[in-house]
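*Asks:* Protein chains in written order, with the working numbering: chain A, 2 to 156; chain B, 3 to 504.
Mixed in with the good hints, there may be bad ones.
Said to hold, decoys possible - With a straight-line Cα cutoff of 20 Å, these simulated DMTMM-like cross-link-like pairs (lysine to aspartate or glutamate) come out:
hint : chain 1 : residue 1 : chain 2 : residue 2
1    : B       : 104       : B       : 247
2    : B       : 432       : B       : 246
3    : B       : 432       : A       : 101
4    : B       : 296       : B       : 226
5    : B       : 286       : B       : 355
6    : B       : 432       : A       : 76
7    : B       : 432       : A       : 79
8    : B       : 104       : B       : 226
9    : A       : 152       : A       : 101
Note that these hints are calculated values from the structure, not bench results.
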Amino acid sequence: MMAVRSTFGRTGNHPDILAGLVFIVVGALGLWAGRDLRVGAAAMMGPGYLPLIISSLIVFIGLIVTIMGLVRDNERLDVIRLRPLLIILVAVAGFAYAAESLGFILAAIWLIGVGSMADRETRLREVAASIVVLTTFGILVFIVGLGVQMKLGPF
Amino acid sequence: MEFLDSLILGFSTAATPTNLLFCLMGALLGTLIGVLPGIGPTATLAILLPITFFLPPLAALIMLAGIFYGAQYGGSTTAILVNLPGEASSVVTAIDGYQMAKQGRAGAALAVAALGSFFAGTVSTLGLAIAGPALATLALSFGPAEYFSLTIFGLLCATVLASGSVIKAIAMICIGLLLGMVGTDVNSGSERLTFGATELFDGVEFVVIAVGLFGIAEIIVNLETPELRGLIAAKISRLWPTRDDFRRAWPAVLRGTGLGTFLGILPGGGATLSAFSAYTLEKKVSRDPRRFGKGAIEGVAGPEAANNAGAQSSFIPLLTLGIPSNAVMAMLLGAMTIHGITPGPAVIQNQPELFWGLVASMWIGNAMLLVINLPLIGLWVRLLTVPYRLLYPAILLFCCVGVYSVSNRAFDVALAVGFGFLGYLFRKAKCEPGPLLLGFVLGPLLETNLRRALLISQGDPSVFIQRPISLALLVAALGLLVLMVVPAVRKTREEAFVDEES
Chain A
2 MMAVRSTFGR
12 TGNHPDILAG
22 LVFIVVGALG
32 LWAGRDLRVG
42 AAAMMGPGYL
52 PLIISSLIVF
62 IGLIVTIMGL
72 VRDNERLDVI
82 RLRPLLIILV
92 AVAGFAYAAE
102 SLGFILAAIW
112 LIGVGSMADR
122 ETRLREVAAS
132 IVVLTTFGIL
142 VFIVGLGVQM
152 KLGPF
Chain B
3 MEFLDSLILG
13 FSTAATPTNL
23 LFCLMGALLG
33 TLIGVLPGIG
43 PTATLAILLP
53 ITFFLPPLAA
63 LIMLAGIFYG
73 AQYGGSTTAI
83 LVNLPGEASS
93 VVTAIDGYQM
103 AKQGRAGAAL
113 AVAALGSFFA
123 GTVSTLGLAI
133 AGPALATLAL
143 SFGPAEYFSL
153 TIFGLLCATV
163 LASGSVIKAI
173 AMICIGLLLG
183 MVGTDVNSGS
193 ERLTFGATEL
203 FDGVEFVVIA
213 VGLFGIAEII
223 VNLETPELRG
233 LIAAKISRLW
243 PTRDDFRRAW
253 PAVLRGTGLG
263 TFLGILPGGG
273 ATLSAFSAYT
283 LEKKVSRDPR
293 RFGKGAIEGV
303 AGPEAANNAG
313 AQSSFIPLLT
323 LGIPSNAVMA
333 MLLGAMTIHG
343 ITPGPAVIQN
353 QPELFWGLVA
363 SMWIGNAMLL
373 VINLPLIGLW
383 VRLLTVPYRL
393 LYPAILLFCC
403 VGVYSVSNRA
413 FDVALAVGFG
423 FLGYLFRKAK
433 CEPGPLLLGF
443 VLGPLLETNL
453 RRALLISQGD
463 PSVFIQRPIS
473 LALLVAALGL
483 LVLMVVPAVR
493 KTREEAFVDE
503 ES
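Please build the complete structure, drawing on both the sequences and the hints.
*Replies:* Shown next, in the form of structure tokens:
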């Protein structure tokens with residue numbers, strides 16, 4: 002089983018702690034990205050005025066949520082399964098990479114072929130059928146019908 | 003007679019063959035995704051948003067709106083027949099609806115749900131037609147200070163009325179606001195928060211965030227949990243309700259319609275809240291509350307009328323004030339922006355055919371749904387047997403091609419992977435992604451008006467409390483926050499949403 006259970010600590014509300022940490026990271030990222038922007042004053046706001054306020058607010062809320070999460074009743078994270086998470090993200094990332102260099106057909110085959118592996122019950126015959134049907138559908142509807150600007154093959 | 007003229011204009015615009023076709027497509031698609039568990043209206047709108055770029059603006063809006071209210075009909079079908087609510091808004095319908103189905107009264111439950119929904123849809127569409135122009139006229143007199151306060155009120159209201167932790171929702175709104183600031187600053191021309199990526203100079207694309215957070219993240223979460231498959235309780239024999247059913251159902255439909263129309267207007271309200279409140283109300287006014295949970299027809303009629311009324315009337319703040327009240331409305335705002343329409347009070351004046359056409363199409367769509375749902379019920383039920391493993395590759399393809407097609411570049415698809423992962427983390431952290439989307443679409447409006455208001459007042463923040471409308475809105479927003487601290491209110495709110503998690 003590719004299942005990971007949260008093992009840290011017996012107390013604390015784990016979803017809240019995770020939320021708090023994500024908020025702190027995002028807020029800190031905002032503060033860092035906006036560090037060179039002119040802040041200005043309320044009457045003449047510079048481009049960095051609101052990003053500074055909002056990012057600080059996110060970090061602040063992140064701290065509160067984390068601290069509250071640490072003292073609140075125990076609640077574990079839902080089971081995290083790495084298989085669907087990684088496979089779906091890799092499938093879409095591969096599509097992004099292939100779309101511009103290899104063309105729609107190969108990108109779609111990759112996306113559907115790899116993406117189908119995310120479900121354990123998937124059968125090979127079904128995947129093959131999905132690839133053929135969906136790729137053909139995509140070519141006809143998206144590329145020919147709607148005129149999406151993507152080349153079909155690598156050449 | 004102006005009202006009548008407007009309605010005639012609306013119906014003549016909505017009844018063109020193209021618009022009728024897209025209305026039908028929206029209603030069909032909506033019913034389809036309503037029936038299928040695991041894919042909701044928010045995700046569907048996110049995925050189809052880029053495709054509407056190729057349609058005329060009105061046809062695009064008509065179809066997207068149809069998907070939204072169509073899903074309310076479809077969701078109730080599965081709730082009643084197989085005890086699997088297709089949408090969050092039909093969770094309460096399943097309680098009594100499924101019991102009715104088990105007793106062999108599935109037909110009556112389905113008919114009451116559909117007729118009640120149609121009635122509620124008609125009333126609240128009329129409400130939209132009446133309240134729309136009046137609210138828009140009021141909003142036209144708003145200055146930057148009023149608009150700023152209105153946006154703050156809308157955003158706060160949306161966090162309080164939606165389920166989940168309020169403080170987390172506020173943080174999510176802030177993240178949305180921050181994302182909305184990425185790109186070139188309109189006032190100074192400098193690049194903000196782009197990390198030096200030239201692709202981000204125009205800002206993050208709405209579709210990228212929507213597809214990442216709602217489309218991709220939802221697929222991953224769905225694949226983590228084993229698929230639920232319900233069993234059809236009984237054959238649907240008699241479709242028409244008995245006289246006794248009608249006698250019990252119609253007052254419930256009336257109450258549900260009123261409640262839903264009212265709650266739908268509030269930011270953060272909409273279909274789900276309306277349905278839950280209607281069920282509670284029906285239980286309270288009933289002479290014999292013990293019947294609920296054992297197949298009481300009021301428990302189907304009230305919530306079903308309310309969720310449809312709420313779905314329709316949640317269009318009011320978007321179309322008249324330009325303030326979306328939930329994630330679905332944020333999607334529609336995104337669709338309007340793609341077509342170069344700025345939603346707000348000016349739309350009714352400058353593009354009356356757009357506003358009235360959409361209003362009329364909602365009524366036509368509701369009538370179509372009645373036909374689609376009642377006689378064709380068997381067909382929709384059979385769709386339930388399609389396994390998710392065959393569906394999600396198709397959804398993935400729509401996501402990827404859709405994101406790519408917005409500006410024809412792979413960068414956006416790669417960015418959507420990042421938002422997909424972020425959306426997954428948010429779901430594990432029990433953070434609703436809806437408020438983030440609201441913050442993102444309202445961010446530019448909020449910033450522009452704040453800057454303008456403070457520029458005029460030379461940096462004096464008292465401008466927001468000197469203007470009466472602005473003051474009233476801020477006091478209301480503050481009042482909401484204070485209410486949330488009161489333990490009794492917080493407890494009621496938690497109880498009201500306790501079933502929604504499932």
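*Asks:* All the hints need checking, so say for each whether the structure fits it.
*Replies:* Hints versus structure:
| no. | hint | in the structure |
| --- | --- | --- |
| 1 | B/104 with B/247 | holds (16 Å) |
| 2 | B/432 with B/246 | violated (44 Å) |
| 3 | B/432 with A/101 | violated (36 Å) |
| 4 | B/296 with B/226 | violated (33 Å) |
| 5 | B/286 with B/355 | violated (43 Å) |
| 6 | B/432 with A/76 | holds (11 Å) |
| 7 | B/432 with A/79 | holds (10 Å) |
| 8 | B/104 with B/226 | violated (30 Å) |
| 9 | A/152 with A/101 | holds (8 Å) |
Figure legend: structure checked against the earlier numbered hints; hints not met, in rising order: 2, 3, 4, 5, 8.
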